[in-house]
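S.K.: If you read the protein sequences in the order shown, they are chains A and B. Numbering (this note's numbering) for the first sequence: 1 to 260. Numbering (this note's numbering) for the second sequence: 1 to 241.
These aren't lab readings, by the way, just hints derived from the structure by calculation. Please note that a few of the clues may not be correct.
Said to hold, decoys possible - Chain A is nowhere near these chain B residues, computed Cβ spacing over 12 angstroms in every case:
1) Val5
2) Leu14
3) Arg93
4) Glu103
5) Glu112
6) Leu205
7) Phe208
8) Asp213
9) Ile221
10) Lys228
What the hints assert, rightly or not - Calculated cross-link-like contacts (lysine-lysine; reagent style BS3-like; alpha-carbon spacing at most 25 angstroms):
11) Lys86/B to Lys166/A
12) Lys129/A to Lys86/B
13) Lys12/B to Lys233/B
Note that the Cβ used here is the ideal one computed from N, Cα and C, for glycine as well.
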Amino acid sequence: MTITPSIKRDYLEKLAKNGKRADGRRFDEFRKIEIETGIINKAEGSARVKIGNTQVIAGIKMDIGEPYPDTPNEGAMATAAELIPLASPDFEAGPPREKAIELARVVDRGIRESKLIEIEKLCVEPGEKVWIVFIDIHIIDFDGNLFDAASLAALAALLTTNVPSKRLELGEDYPLPLKEPPVSCTSVKFNDVVLMDPSLDEEEIAEARLTVATDKNGDIRAMQKGLNGSFNTEEIKKAINTSIDNGKKIQEQLYKSVGK
Amino acid sequence: MKSDVILFENGKRLDGRKPDELREVKIEAGVLHRAEGSCYLEWGGNKVIAAVYGPREAIPRHTQNPLRAIVNARYNMAAFSVDDRKRPGPDRRSREISKVISEALENIILLERFPRASIDVNIEVLDAEAGTRCAGLTAAAVALADAGIPMRDIPVSCAAGKIEDQIVLDLGKEEDNYGAADLPVAISPRTGEILLLQMDGHLTLDEFDKALDLAIKGCHIVSDIQKKALLEKYQSVPEGK
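Model the full structure from these sequences, guided by the hints.
M.R.: Structural data, given as structure tokens:
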């Protein structure tokens, strides 16, 4: 990990005291988000998401496999994230480490626990054959806030996924059955200020992090607190509210970009 | 491997190309924010991103060479880049490709200028459709130039092959699967030196001569596209600076 020089830390803290951020954003403001879908021909669904300079590609592959013995009538899903050395001078080649595993698990949980994919509709032969959905997330440019970029890319890719029945001679292709997607928004705290959508520099000096996933109705669907700092209840409530506001806007943009 | 697919008929290939016709190649330089140099390349159905970091201290230290830099190319295929999901991480094939690409690039970079350093070249195949190593090396070369790494030339790669007794340029997907031979080549376009050469299949001496000539011709066409992409990025003057 690079050590953020204390000059940079002083600078960001001084700015924050005056209500400012290095890139001129408000505390509750996201960087510009770009969503592009259908970018990989070989994938069943795919998306490229940019949040500022952070860039993530998600691809969906589907295959037939055996169901878990305790859920013989349900499909399955698996999420993997790779922090490939292409994205940052600090990422190293090799099997996924702690950071990539946490990222994949948080994205996976957001999708799995919100029951976004209707896995009961992915059964081909009960107890024998079900569809397995593989979500693979590639970080290709790292400038902070991977949680939101990765989960948004996964959602956009899933929303454009077609089940490849034809390739496996199981009839016609059809869109992957989905429910409402929950959108995640991440805040960080340093020096008693809470900022939405941290850039890399802000992330590196952060004391605490909070990711909140909200749905269309403004209800909370998942949360994850990270790092060794703490929040007070006021800060948590405020972070949730800004997450709901931003989540709604992102939700709209997401639907627009997939043409739904 | 023989198949029922007719790869060459009435002077045309399966995808409508003439024997000496390339698939469409698009190159963009400097697409990533963090990397010191980068390149996005589309070559037919292939989509590749390359990024360069360095020269920086080579780690682990025992890999350092006190007289020159090492080139660490890493060719990697995304899990979703092929029909059946590929398990993430390097396999024997991608390790071999990484090695031959590293060696080709070591030939052309002025390594003596950076003792004990490593120059890391990451090649990520996002969408694969025959000829990814040529696409990868070609993208890596543009990323190296974008990063300002001193080189004797901008290397470039292209393949030729044989389908149904016909020598053709730049094999497509079916041609790669069912064709008679594949000959990927990388050259230094300024001198014509050959930096990478592999072959599989079956060629007579005459056919090899023809295929090599054709591949080198292809390299020169792609080389022009590489240079155009770099000019496009560096010819425009940023406003207000």
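S.K.: Indicate, hint by hint, whether the structure satisfies it.
M.R.: Against the structure, the hints:
1. The beta carbon of valine 5/B is kept farther than 12 angstroms from every beta carbon of chain A, the shortest such distance being approximately 17 angstroms.
2. With 12 angstroms as the threshold on Cβ separation, the claim that leucine 14/B sits away from chain A holds: the shortest Cβ distance comes to roughly 17 angstroms.
3. Listed as a non-interface residue, arginine 93/B keeps its Cβ farther than 12 angstroms from every Cβ of chain A; the least gap is roughly 16 angstroms.
4. Every Cβ of chain A is farther than 12 angstroms from the Cβ of glutamate 103/B; the closest lies at roughly 18 angstroms, confirming the non-interface assignment.
5. Every CB of chain A lies more than 12 angstroms from the CB of glutamate 112/B, the least distance being 23 angstroms, so the non-interface label holds.
6. No Cβ of chain A comes within 12 angstroms of the Cβ of leucine 205/B; the nearest lies about 37 angstroms off, and the non-interface call holds.
7. Every Cβ of chain A is farther than 12 angstroms from the Cβ of phenylalanine 208/B; the closest lies at roughly 32 angstroms, confirming the non-interface assignment.
8. Separation of aspartate 213/B from chain A is adequate, the least Cβ-Cβ distance of about 32 angstroms exceeding the 12 angstroms criterion.
9. Here isoleucine 221/B stays apart from chain A, with its beta-carbon at least about 23 angstroms from theirs, past the 12 angstroms limit.
10. At the 12 angstroms boundary, the C-beta of lysine 228/B stays outside the reach of chain A, the nearest C-beta of that chain being 23 angstroms off.
11. Among the hinted pairs, lysine 86/B with lysine 166/A is consistent with the structure: their alpha-carbon atoms are about 20 angstroms apart, no more than 25 angstroms.
12. Proximity of lysine 129/A to lysine 86/B is assessed by CA-CA distance (about 20 angstroms); at most 25 angstroms being required, the pair is judged to hold.
13. Between lysine 12/B and lysine 233/B, the direct Cα distance comes to roughly 36 angstroms. Violation of the 25 angstroms bound is thereby established for this hinted pair.
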